[in-house]
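Residue numbers (my numbering), protein chains in the order written: chain D, 1 to 130; chain X, 1001 to 1102; chain A, 2001 to 2136.
Please keep in mind that the hints were generated in silico from the structure rather than gathered at the bench.
For each residue, glycine too, the CB sits at the ideal point set by N, CA and C.
Among the hints, a few may not be true.
What the hints assert, rightly or not - Here are the simulated DSS-like cross-link-like pairs (lysine-lysine), alpha carbons at most 30 Å apart as the crow flies:
hint: 1; chain 1: X; residue 1: LYS1053; chain 2: X; residue 2: LYS1087
hint: 2; chain 1: X; residue 1: LYS1053; chain 2: A; residue 2: LYS2084
hint: 3; chain 1: A; residue 1: LYS2112; chain 2: X; residue 2: LYS1015
hint: 4; chain 1: X; residue 1: LYS1087; chain 2: X; residue 2: LYS1026
hint: 5; chain 1: A; residue 1: LYS2112; chain 2: D; residue 2: LYS2
hint: 6; chain 1: X; residue 1: LYS1053; chain 2: D; residue 2: LYS72
hint: 7; chain 1: X; residue 1: LYS1015; chain 2: A; residue 2: LYS2121
hint: 8; chain 1: D; residue 1: LYS2; chain 2: X; residue 2: LYS1026
hint: 9; chain 1: X; residue 1: LYS1094; chain 2: A; residue 2: LYS2006
hint: 10; chain 1: A; residue 1: LYS2007; chain 2: A; residue 2: LYS2112
As the list claims (entries may be wrong) - Okay, the calculated beta carbon distance ranges per label pair:
hint: 11; chain 1: A; residue 1: GLY2054; chain 2: X; residue 2: LYS1055; range: 38 to 44 Å
hint: 12; chain 1: A; residue 1: GLY2018; chain 2: X; residue 2: LYS1094; range: 33 to 39 Å
hint: 13; chain 1: D; residue 1: GLU57; chain 2: A; residue 2: VAL2101; range: 33 to 39 Å
hint: 14; chain 1: A; residue 1: VAL2062; chain 2: D; residue 2: THR13; range: 48 to 54 Å
hint: 15; chain 1: A; residue 1: GLY2061; chain 2: D; residue 2: ARG95; range: 23 to 29 Å
hint: 16; chain 1: A; residue 1: VAL2005; chain 2: X; residue 2: ASN1072; range: 46 to 52 Å
Claimed, not checked - Covered stretches of chain D (chain X as the covering partner; in silico rule of three or more C-beta atoms under 8 Å from a C-beta of chain X):
hint: 17; stretch: 1 to 12
hint: 18; stretch: 20 to 29
hint: 19; stretch: 119 to 126
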Amino acid sequence: MKFGILISEGPYTHQAADSAYHFTKAALENGHEIERVFFYHDGVNVGTRLSVPPQDERNLQKDWSALAAEHKIDLVICIAAAQRRGLLDENEAKRQGKDANNIAEGFRISGLGQLIEMGILSDRLMTFGD
Amino acid sequence: MSTLHTVNKSPFATKTLLSCLNHASKGDSILLIEDGVYGALKGSELAEIITTKAKDFSVFLLAPDMKARGINEDKLIENIELVDYAKFVDMAAKHDLNQAWL
Amino acid sequence: MTDTVKKFLYVNRKAPYGTIYALESLEVVLIGAAFDQDVSLAFLDDGVFQLTKGQDTKEIGVKNFSPTYRALGDYEVTKLYVEKESLDERGLSEADLQELVWEDEDDDYAEKPSIHIISRKEMADLMANQDVVLSF
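Could you put together the complete structure from these sequences and hints?
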């Protein structure tokens, strides 16, 4: 099966990004494909390069970046939700005249159309939110 | 056509589980994850209504979330099947549709 | 991909303004309209509050996005299902909701209502018969 994963809540505050991570790992281990992982609402905050969680806790951003790199997973952050919440890649930062960008390795910023497309292309769409 | 419903909130905090039970169709599966696992506690003031409404469906519990919250298997209402993430994936693939109740 | 038409259901169960879900759900619907899928919107539980008329947000300083629902017809999003039991539980009726219409170009552009009040059972059936369910 091709799974599309929608993550609608931010890291640490909600369990959504963790549950989605474990589900995605299990799906890959079972031979399924991940069409895309789409981050919406506060979920965009999973993709910040600047988080420094305590050393003895999991690092959600690094975990997702590593999983994506290992399995070539498309991690997409919604641009509208990201702009609201201050997640910018280099291009966006330049375009918006901001003095910094903060997106993490392996994540890309794109439009909401990518969510709809994920729904069309996937066999199953899973939502992890609140 | 059958649906896998996931519920991630405690029924003591919100009405989400009850709403899910009110909208599921015969043959659907309901998987309690995250704080949703509290919906499977026996002896709670919601246990009876949950058990009654759940009769037409198969109810599952994500064991990792249950263990995390210190819930023992013997504290659960009847006919709840424990699953792990691998089985969660299986169920998501086998049902035609997935609906998350947030 | 452009040939695939799936039945998409957007499930709205939360009230507007207290959280962002209602607004950002609507934003998905508007963008999604360009993909020519078979789109339905479901409003149940507190989601029915999203469609009430007379929303005036001036004094809380946030944008009143309720007029956007009136534009849905122009985006060919014409199927908005509101659950009767959810309205009843909240002491609301159809009269409390905005009047949303769409123009049927196959019927001389006749104006038709976009909102359909349906029962809980009908809502369950609607949900069961989708290809993709997006919950917010």
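Structure-based check of each hint:
1. LYS1053/X with LYS1087/X: Given that 30 Å is the threshold and the Cα spacing comes to 24 Å, the pair holds.
2. LYS1053/X with LYS2084/A: 20 Å, holds
3. LYS2112/A with LYS1015/X: Between LYS2112/A and LYS1015/X the Cα gap is close to 34 Å, so the pair fails against 30 Å, i.e. violated.
4. LYS1087/X with LYS1026/X: It holds: about 21 Å lies between the C-alpha atoms, which stays within 30 Å.
5. LYS2112/A with LYS2/D: 38 Å, violated
6. LYS1053/X with LYS72/D: Since the Cα atoms of LYS1053/X and LYS72/D sit roughly 42 Å apart, the hinted pair is violated (cutoff 30 Å).
7. LYS1015/X with LYS2121/A: Roughly 18 Å separates the two Cα atoms, so the pair holds.
8. LYS2/D with LYS1026/X: Holds, because 26 Å separates the two Cα atoms, which is no more than 30 Å.
9. LYS1094/X with LYS2006/A: Measuring from Cα to Cα gives roughly 19 Å; hence the hint holds.
10. LYS2007/A with LYS2112/A: 21 Å, holds
11. GLY2054/A with LYS1055/X: 38 to 44 Å: 42 Å, holds
12. GLY2018/A with LYS1094/X: 33 to 39 Å: Holds, at about 37 Å.
13. GLU57/D with VAL2101/A: 33 to 39 Å: 52 Å, violated
14. VAL2062/A with THR13/D: 48 to 54 Å: At roughly 22 Å between Cβ atoms, THR13/D and VAL2062/A fall outside 48 to 54 Å, so the hint is violated.
15. GLY2061/A with ARG95/D: 23 to 29 Å: Once the Cβ atoms are compared, 27 Å apart, the range 23 to 29 Å for ARG95/D and GLY2061/A holds.
16. VAL2005/A with ASN1072/X: 46 to 52 Å: 48 Å, holds
17. 1 to 12: holds (count 3)
18. 20 to 29: This one holds; 6 residues, not fewer than the three required, reach chain X with a Cβ under 8 Å.
19. 119 to 126: Three-residue rule met by the stretch 119 to 126 of chain D, so holds; n is 4.
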